[in-house]
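**Q** Each chain, written out:
There are 2 protein chains.
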Amino acid sequence: MQVGKPILYSYFRSSCSWRVRIALALKGIDYEMMPINLVKDGGQQFSKEFQALNPMKQVPALKIDGITIGQSLAIIEYLEETRPTPRLLPQDPKKRASVRMISDLIAGGIQPLQNLSVLKQVGQENQLTWAQNAITSGFNALERILQSTAGRYCVGDEVSMADLCLVPQVANAERFKVDLTPYPTISRINKTLLALEAFQVSHPCRQPDTPAELRA
Amino acid sequence: MQVGKPILYSYFRSSCSWRVRIALALKGIDYEMMPINLVKDGGQQFSKEFQALNPMKQVPALKIDGITIGQSLAIIEYLEETRPTPRLLPQDPKKRASVRMISDLIAGGIQPLQNLSVLKQVGQENQLTWAQNAITSGFNALERILQSTAGRYCVGDEVSMADLCLVPQVANAERFKVDLTPYPTISRINKTLLALEAFQVSHPCRQPDTPAELRA
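Residue numbers (UniProt numbering), protein chains in the order written: chain A, 1 to 216; chain B, 1 to 216.
Since the hints were derived computationally from the structure, they do not count as laboratory data.
Some hints could be false.
Because identical chains share one entry, a pair is satisfied inside a single copy or across any pair of copies.
Cross-link-like lysine-lysine pairs, in silico, PhoX-like; alpha carbons within 25 Å at most [claimed, not checked]:
id, residue 1, residue 2
1, K63, K191
2, K5, K191
3, K177, K95
4, K5, K177
5, K120, K63
6, K94, K40
7, K48, K27
8, K27, K5
9, K94, K120
10, K63, K40
11, K48, K177
12, K191, K120
13, K40, K95
14, K48, K191
15, K27, K94
16, K57, K191
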């Protein structure tokens with residue numbers, strides 16, 4: 001392993017890992033990937049070695065510049081401050097507020113309620129309904145917000161951190177069979193973003209740890 | 001109501017509202033408060049008027065500089081960018097990453113799992129155990145992280161956004177009767193912070209909408 005290269009601890013299907021993979025791709029940052037399988041061996045995130053790296057026992061975590069950062073948005077903000085080009089936060093503070101509001105809505109208001117550990121707790125028979133409720137409730141709000149902030153992307157016409165949160169969350173919505181018809185703005189932006197190379201190379205279906213049957 | 005004064009939509013007991021009240025107090029920003037009672041009338045956050053302001057139907061929301069921002073951390077980051085003194089994020093990007101990681105751990109990894117709307121869904125008989133699990137699981141990680149980042153406060157010796165998240169979360173832990181003995185670092189920092197005026201004037205027991213029987 002090359003000294004000094006950032007190491008991303010990632011799981012192909014983790015929507016939070018995908019956010020960071022998009023950021024790394026957009027900013028052209030070369031990195032090593034260390035896959036952490038969240039279901040194999042009872043969950044590799046529970047190993048002593050990984051817990052020492054990220055006590056939250058979650059992916060992603062990024063080793064970079066001599067530190068290890070957990071929490072996808074904290075990682076993206078750090079990348080933005082230390083590798084500012086191309087920017088993922090607009091220059092105008094009001095637009096930055098919109099980007100962070102949308103990012104937090106997804107990262108704090110939707111994803112945590114439908115992640116693996118919560119779904120385990122609600123029990124197999126309730127998982128689908130639980131996840132669908134969390135996502136539709138968040139998307140109802142998001143669709144309304146985007147109607148006033150969006151241009152080509154979530155906030156205006158520049159790809160931002162909000163877009164890095166949107167696409168992986170829409171993928172989760174599709175996995176949980178959420179009807180996306182009531183969300184034309186979300187759907188349109190998602191489609192536009194998926195055409196960009198950074199969103200494609202980072203896609204769950206194209207990762208080193210993607211199982212053969214899910215590759216595309 | 002004075003023109004131009006920020007308006008904070010807040011609920012005395014909401015831990016996310018408390019985060020923002022601390023930020024406003026630390027930065028000495030004068031504001032009007034509009035109480036939104038999350039339980040009265042079936043929840044005032046569900047009113048048409050409030051939904052137009054914040055489609056997520058959550059407090060806090062801050063009307064400021066002609067915009068309305070939802071999501072507590074997005075609000076705090078906006079205040080930090082537009083009213084930078086005293087700062088709530090350290091100057092060093094690595095320390096800023098620690099502050100944001102801790103803030104996101106609480107705001108994305110703990111609070112959303114024990115908030116009012118989720119507890120309604122898990123049913124009254126499971127609420128206490130559910131909330132306790134979410135908090136202890138997060139605090140186990142947080143205690144370990146703080147052991148390497150903390151000085152007097154969560155990250156070094158300066159009050160930061162992480163501290164604004166910590167104190168309200170500890171208050172929630174106490175409400176849900178979580179045993180704090182295994183968390184000496186969390187407990188020590190919480191106690192130190194509660195001695196500061198900004199944490200006292202913003203405290204849930206001293207808000208305009210605090211019911212008489214909970215006042216202190």
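**Q** Are the hints correct? Go through all of them and say.
**A** Now for the hints, and whether the structure bears them out:
| no. | hint | in the structure |
| --- | --- | --- |
| 1 | K63 / K191 | neither (31 Å within a copy, 32 Å between copies) |
| 2 | K5 / K191 | neither (32 Å within a copy, 40 Å between copies) |
| 3 | K177 / K95 | neither (32 Å within a copy, 40 Å between copies) |
| 4 | K5 / K177 | neither (38 Å within a copy, 44 Å between copies) |
| 5 | K120 / K63 | neither (29 Å within a copy, 38 Å between copies) |
| 6 | K94 / K40 | neither (43 Å within a copy, 32 Å between copies) |
| 7 | K48 / K27 | neither (32 Å within a copy, 41 Å between copies) |
| 8 | K27 / K5 | within (14 Å within a copy, 39 Å between copies) |
| 9 | K94 / K120 | neither (38 Å within a copy, 34 Å between copies) |
| 10 | K63 / K40 | within (23 Å within a copy, 47 Å between copies) |
| 11 | K48 / K177 | neither (35 Å within a copy, 29 Å between copies) |
| 12 | K191 / K120 | neither (31 Å within a copy, 35 Å between copies) |
| 13 | K40 / K95 | neither (41 Å within a copy, 34 Å between copies) |
| 14 | K48 / K191 | neither (40 Å within a copy, 31 Å between copies) |
| 15 | K27 / K94 | both (23 Å within a copy, 19 Å between copies) |
| 16 | K57 / K191 | neither (32 Å within a copy, 27 Å between copies) |
Consistency note: the structure conflicts with the earlier hints numbered 1, 2, 3, 4, 5, 6, 7, 9, 11, 12, 13, 14, 16.
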